[in-house]
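Novice: Residue numbers (UniProt numbering), protein chains in the order written: chain A, 1 to 350; chain B, 1 to 426.
Hints were generated in silico from the structure; no laboratory data involved.
Misleading hints may appear alongside valid ones.
To be verified - Derived list of chain B stretches under chain A, where covered just means 3 residues or more per stretch with a C-beta under 8 Å from a C-beta of chain A:
| id | stretch |
| --- | --- |
| 1 | 35 to 47 |
| 2 | 178 to 191 |
To be verified - Per the computed footprint, the stretches of chain B lying under chain A, defined by three or more beta-carbons under 8 Å from a beta-carbon of chain A, are:
| id | stretch |
| --- | --- |
| 3 | 144 to 154 |
| 4 | 297 to 303 |
| 5 | 351 to 362 |
A virtual CB, placed ideally from N, CA and C, is assigned to each residue, including glycine.
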Amino acid sequence: MTGAANRRQQKTWSMFGDVRRRPTPYEVVTGRFHYHFRRDPVPFEMDPEWSLNQWYLAHREGSPFQVDDWEGFRDPAKLTYRDYVALQHDREIYLDALVDRYEGNGTAATPRSGQANPGQAAPGRPGPGWVDTLRTLFVPLRFPLHVLQMVGLYVGQMAPSSYITNCAHFQAADEMRRIQRIAYWTRVLADAHGDDLARTATARRAWEDGPAWQPLRQTLEHLLIAYDWGEAFTGLNLVVKPAVDTLVNEMFGQLAEANGDRFLAELCTEFARDARRSQDWTQALTGYAIERRPELAGVLDDWVTTWRPRADEGVEGLAELFTTAPRPLAADVTARVREVHDEFLVGTSI
Amino acid sequence: MPRLARSEWYDLTRDMNWSLSYVKEEEVWPAELSNGFGLPAEAWWVWDEPYKVTYPEYVHNQYGKDAGVYAVNAVIGRSKVYEQLDPGWKSAIIAHYGVIAIPEYLASLAESRMGRFGRAAAWRNMATFGTLDEMRHGQIQTYFPYGLLAKEPRADWAHKALHTNEWGALAARSLFDDMFTANDAVSTAVQLTFTFETGFTNLQFLGMAADAMKVGDVDFGALISSIQTDEARHSQQGEPTIKLLVEHGRKDVAQQLVDHMFWRSWRLFALLTGLSMDYYTPLEHRGHSFKEFMREWICKQFLDQFRDFGLEKPWYWDEHFLPELDWYHHALQLGIWYWRPTVWWNPDAGVAPEEREWLEEKYPGWHDTFGGHWDVIDRFLGGQIQPPTMEGALAWMGLSPDEMGRDATDYAWAQAAPHDRSAARG
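Let the hints inform the model, and build the full structure from the sequences given.
Specialist: Structure (structure tokens):
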């Protein structure tokens, strides 16, 4: 029953059309998986009035962030699932070893009594002043980072191409990775310095009521309801996440280093690898879109203009906590975050 | 390895629930994406997943699993194993890939919807792993058939089916969009993860993996059993969701969601697995009939789970569902074989004399009900009807072209009918 046309040896998926170049294994398992994008008359095989059909029509098909064809976009890291777990398997082995090393040398433990200058850290050991900073600045971080995870998943489920969806989904998983390492170390700190560090209330209270956390919480709660997919992508990947990533991975890492906490400094350096991957695909996607429709630079810029002050306020709020560390940074945290952010935005082609 | 056991720190990875201050709950969890069914926001915070896993454990495990499965595929791909498989079994897997591969990937959207709109941080984490799992299943189940393209052009349907209007693909789209791609997070947990994954696919995958090994399809067997280990984990999002609904007096909601999706899943399952087990799998490799499989695995296990939650069996169970186990997929088999040009696999009639004996033994009365239909086809194939075409059959029946029935009004009704769905509704 096989027809003559079918007997001709097929080189790749027919949905890819008449391609000149042989698709890569990454493309074979990524391209054209979203049958529902711009499907006529509605995305899903349900009543046209069904809420989710209307939601996707309004927030995805109806977004001002559109090009004719999103299927030409490629993740610069070209990650398949298999590559992603292989990559992070390696990186987690590295982190397991890092934890081993610092657990072994008692980094988290309280300095022995009688130590000179107890407010400051002995090499490799946090002093009580630093533990206070960890309590107020480090321990609550899992709350805002969890919001980044949530919004990343929203961007993924709304993206018009599976090439974009997968990038966003890996990014969300990376947020969970970061949160879990923070959670682990929080427990280690609590074992050394008091169980209250590991109580939910310690983190939640700061997140819900701590004045330093409120600007960021306000920004993130609003980001949760930025439902236009283009705006969600821009608000998260161009504005809020790069700012938070610099604040946590770079500035907090430096603060840890300055206060003798080598473990957290190295942990933050590791987190920055994931952040860099997020920034790479973000810049690739904005470049891809603007190359096809230069006027999209204005669309993205409007969203950046809306979200930038909100992100900056969030950073300013937390920057205050940096000054209370036993050895504060000489650099102005807010200014440095802004500077790094500006550099990143230059690479987005806006 | 890090010194702390998972249990010592795990709760700190899943306690990120807070009260909103700057936006409203119904804005962050709008009903169309996350129907809370009236439970207070904080009631969801105690949502507790039965299966715990951390990110490091996840990537370590999954890395090993993927390495194993892709290694099997690389070896088998260079061999003649596929060519030597029974034709009926090949049909079963080509049908499977078309209906399942892309929908598994789409389930990653359902998981990310739960990862965003699930109502507890612990749930959102489980769904984040689920998002990755389903991406894995979509990718692995397209990668394998892609490797078959040179040998089997129809493997293209693993990628293409959901983009088409082929009727089986349309049925799959209708079911899966209803179940998860276009469903809210809470209903998805009950309908996709509890009803479909726990109820059907977990068991189906175990059954298919065993059958694959029996027929010598090591590739497919390795694939399916590896996928099943992920399903066993992420399917557990349904249970705590149902528990909370029941605890807060919304047993009616849980019951209705299960009733609805069990029925729809059964209909697709009968098509895919019913035909595969009772007709496409070579007789010598059949362990049990589809009905036996359904009764022993799906019906018994699933009913036990319903009852554990205080739910009742669906209202249609005794009167409609159980009787269908005797006939529904046999009717589908006839229909699909008759209309075989409309499917992307080669339907295997599976009614040689010894197969009929087996069917009669497993389904007493099969011969009287269904065997007769196949006898008519036998008359065609045996040369009693000449030519063996529609025209030949009409002549055999004694109908001349002038006598054959035609539409009484020459389709006048169709000219007047609205074609547009929205006009029809209006």
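Novice: A separate judgement is required for each hint: does it hold in the structure or not?
Specialist: These are the hints, each one checked on the structure:
Note: the stretch 35 to 47 of chain B has 0 residues with beta-carbon separation from chain A under 8 Å; the three-residue rule is not met and the coverage is violated. Beta-carbon proximity to chain A at under 8 Å applies to 5 residues in the stretch 178 to 191 of chain B; the threshold of 3 is reached and the given coverage holds. Beta-carbon proximity to chain A at under 8 Å applies to 5 residues in the stretch 144 to 154 of chain B; the threshold of 3 is reached and the given coverage holds. Under the rule that three or more residues need a Cβ within less than 8 Å of chain A, the assignment of the stretch 297 to 303 of chain B is violated, with 0 such residues.
Coverage of the stretch 351 to 362 of chain B by chain A is violated. Counting CB-CB distances below 8 Å, 0 residues qualify, and the rule asks for three or more.
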